[in-house]
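Heads up: the sequence lines are chains A, B and C, in that order. The first sequence begins at 57 in our numbering and counts up by one. The second sequence begins at 24 in our numbering and counts up by one. The third sequence begins at 2 in our numbering and counts up by one.
Be a bit skeptical, because a hint or two may be false.
[Said to hold, decoys possible] Quick list of in silico lysine to aspartate or glutamate cross-link-like pairs, DMTMM-like style, CA-CA up to 20 Å:
{"hint": "1", "chain 1": "A", "residue 1": "Lys276", "chain 2": "A", "residue 2": "Glu349"}
{"hint": "2", "chain 1": "A", "residue 1": "Lys94", "chain 2": "B", "residue 2": "Glu227"}
{"hint": "3", "chain 1": "C", "residue 1": "Lys66", "chain 2": "B", "residue 2": "Asp262"}
{"hint": "4", "chain 1": "C", "residue 1": "Lys66", "chain 2": "B", "residue 2": "Asp250"}
{"hint": "5", "chain 1": "B", "residue 1": "Lys251", "chain 2": "A", "residue 2": "Glu95"}
{"hint": "6", "chain 1": "C", "residue 1": "Lys97", "chain 2": "B", "residue 2": "Glu315"}
{"hint": "7", "chain 1": "C", "residue 1": "Lys97", "chain 2": "B", "residue 2": "Glu332"}
Read the hints as simulated data drawn from the structure, not as lab findings. Note that this is a predicted model, so its numbers are computed, not measured.
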Amino acid sequence: MTKSKILEKDRLKDFIDELSKENEVLAPIKTNNYFQFKELSQGEEISLDYQNTKQPPKEVFLPQTEVLFTYRTDEEEIKIKASPSQKEKRVILGIRPCDARALVLLDRFFSSGDYKDNLYLEKRENTAIIGLACNSPLSTCFCLPLGGSPFGGEGLDLLLKDINDKYLIETITNQGEKLIKKVKWLKDATKEDEEKAKTKKEDAENALKNALTVKGLKNKLDSMFEAPLWDQIHRKCVGCGVCSFLCPTCTCFDVLDEMTPSGGRRVRIWDTCQFPLFTKEASGFNPRPSSKERMRQRIMHKFNYFPKDFEVFSCVGCGRCIQACPVNLDIREVITTIMAN
Amino acid sequence: MAQIQDSIREIAEKLLKEKKVDIILGYEKGTLPLRTTPCFVKNPDDVAKLVWNDCCDIPLSKYLIDMTQKAGVIAKGCDARSIVVCINEKQIDRDNVVIIGVPCQGIIDRKKIEAELNGKEILEAEVTDDRVLIKGKNFERTLQKKSYLSDSCVTCKHRNPPVSDIMVGEKVPEQDQKEEFAEIMKIEAKSPDERWAFFSKELEKCIRCYACRNVCPLCYCSECFVDKTMPLWFGKTNDVSDTMIYHIVRALHVAGRCVDCGACSRVCPMDINLRALTKKIEKIVKDRFNHEAGLSLEETPPLGTFKLEDTQEFIIE
Amino acid sequence: MKTTGTTQKTSEEKIWEPKIIAFLCNWCSYAGADLAGISRIQYPPNIRVVRVPCSGRINPYFIIKSLQRGWDGVLVSGCHPGDCHYVSGNLVARRKFAILKDLMEYVGIEEGRLNFSWISAAEGERFSKVVKTVVEKVKTLGPAKRIVKR
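If we strip away everything but chain A, and leave its shape as in the complex, we get:
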C-alpha cells in the first residue's frame, strides 16, 4: 500500500475538486440542525468538523423508498421495466469508522447465500468510501467493546486522521490507492505525523475502553429467551421505528405494490421489527403481539442471532438510537441489565 499522505486542511476543497473530476462526491452537509450525506454541487465548500450524520450512510445504499420495477398495463402487452442500474461512480467522504464497519455487515446480509441483492451491491461496488477517524468519541459511542475502533479501517478505502491542521490519509484498499494516486500534490506523511496520529488513536480508544461490557453476551443470551427481565425492559418503548431507521446495521424492508396511472410499480420501503404489523400473519395471529416480544427480538437479533450466523454483533456502537429514542430507552442500559442478570 502507498505510504500515508498528508492533506493540509486548507486544501480540502482542492482534494474534493480532484475527486469530483471522475466521481460524484457525497459529504456531510448541514441542513436544519444536523448533518446528512448529500451530493456536493460544483465548488460547494464543506467542513469535516462534525460529530456524525443524523442518518447513517446506509440510506445512500438502501434508500427509505426504492422502486424495484415498474410495469405498464396501458399498452397492448404488459411491459415490465426493472429499475435502472446505479453505475455512477461515487465517493462518500467523511464516514465514521463505525458506520463503515456497518456497511461491511450490510454487505454480508445482502450477499449471503445464493441471493445477491443487486440494487444494493451495485451501488456499493461503484462507491468508494473515505473515512474520518474519531478523535473525540461522543459519550454515547461504544464501538470499541463491540469490535470496532474510532480509528478502524474496516469498510474503508481511505482513512483521514485529523492531526490538528492537517489530515493524515491512510490507504487501506486498492480502490483507495487508485484514488489517492490521482491527487499527485499530496505530500508524504512524516514520522512525526504518524506519531501524532498514533497518539490521537490511543486517546480516542482510551475514552471508549469502558464504554460497555459485552464479554460473554452472546452465549448468555442463549439461555435467556424466557427470562422475566424482558417484561421490564420493554415497558416504556412506544413502538416507533426511530431506533431501526437510524441504525446503520438494520436492514429490514417491506415490499409493496402500488398502482400508477399507467400501470404500477413495486417498491421496497424500510420496515422495522418494532412495528406490530411486521410479524402479523394473514390469519390475524401475531407471534410477537406486544412490545415485549419485539424488544426481545431486537436485542436477540443484534447480540445473539446475527453473531451466530456472521460471527459479529449486529451493532457497531454508533449511539444514534440512544440519542434519538423518544423515551430514552438506552441499549447500553439494556445490555448492562442483561449482563447483570
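Using the hints provided, position chains B and C relative to the given structure of chain A.
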C-alpha cells in the same frame, strides 16, 4: 422543583402502600443530560427513583391505554388534558386512574439548546429556576432557561392540570396568551404557493418512523390508517405526496383532541416542525367551534356533535 | 350536437378539460342532478358522479385520495341542514368538511379544488349552476399538480 419532587415521592409511596393504586407512572433520571425516561414503580420502596424537573417531557397517558391495573400517573397540564380526552373517549376508565397533577412552568427543548451549541456535545447539565448550566468538553455555557423552552410551552394556557385527583404543590399563574397562534398566523399570511413550498420542504425530511404518532397521547388506535390494507388508503413510501398526506390526515385525526403537548415535534428525529400542522388544527377548532380539548370530564368531542348554526361560509351558495 | 363547455380544436390541440369528482348524497343532491338531466338543463360534462347515501358517509379520505389520484377538483354535495334524510348526517359532515377544507388550503392546496354545497332534490337548475361555477373555478386553477402521486 425539589419540593414537588419530594411531594411526588411521598404521594406515590402513600398510594402504593395504601393499595389505592397498583402502579405509579412517573419519570426517572435519564441516561443522558437533560433527559428523563418513563418509570413504572410498583414497590413503595422504589419511589426514590421518581424525579420531577423541566425535562419530564413525554406524556405518560399513552401507557394508560389498555392498562388493566389501577395506575397513579404524574401529569402536567397538557398530560392531564390528554388523559381527560382519553377518558371522554372511553379509552381510559376514570376509576382506574389516579391523576397526580403537577403544575408546570415549561419543558426545556433540548433541540434548541443543541442548536445554540452548534454541534458541541452536552456532557453535563444543571437546571436552576431560571438558568441552564451546560458543561461540555472544554466549554461551559450558562443559558437563560426562558429562551429554551419548548414552543408548545411558550404558548401554553393550561399549565395547571384542569382535572386531577391530587394536586402537587401550588398552582402556577397561567400565561396570558393573546399571541397563542402567532406562528400559525405567520404561515397563514404566506401565499398558497409559499405555503405549499414550506410544507413540502418540511415534510420531505420525513423518514416515516412514526415517532410522532407513537408518542402522541391521542394516537391510540390499534390499527393506524397508514397500516390499513383492505382498502389501502395511502402509501407508506417517503414520496412527498404520501408523506404529506400522512401528516395531514394525522392532524385531522387529532382535531378537537390535540392538547399541544408538543411531544410530536420534540421527538421527531428529523426536526420537522409538526406543530405547524397540529397547532393550525387547534386554531380551526377554536375559531369554528370554540372548543379546547381536555378541560372537563363533561365535554363532548367537537367532531362527535354539531350545532344547526355551525359556520358554513365555505358552502357554495 | 354541440355541448357547452368544450371547444375542440384540431386533434393535435386539445384544450385541457378539468376532471371533477362529485360525491352526491342519494336523497337530495343526486336527485337534484337527476332533475337537471330530466329537465334537459345543460351543464359541463366535466364531473363524474359518485352516489353516496348521505353526505355524512363521506370520509375525508375519499376527498384526499381523489386529489392524490389526480382529480383536478372535488365537489361534495348533500341535503340542506335540517333536511337530511337521516336527520343529522349532513350536520356531522359539515364540521368535518370545514376542518378538511381549512387544513388543505392552509397546506397550500389551491382554493377552489375542494368544493362543498347543499343542493336539494328540487334544485335541478341550481345543481347545474353549482357545477358550472366549480368547473370554471377549476379551469382557472389548471391541472392538479400538488399532492398528486404519479
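How the hints compare with the structure:
1. A:Lys276 with A:Glu349: holds (18 Å)
2. A:Lys94 with B:Glu227: holds (14 Å)
3. C:Lys66 with B:Asp262: holds (15 Å)
4. C:Lys66 with B:Asp250: Holds - the C-alpha atoms of Asp250 (chain B) and Lys66 (chain C) are around 16 Å apart, at most 20 Å.
5. B:Lys251 with A:Glu95: violated (36 Å)
6. C:Lys97 with B:Glu315: holds (17 Å)
7. C:Lys97 with B:Glu332: holds (15 Å)
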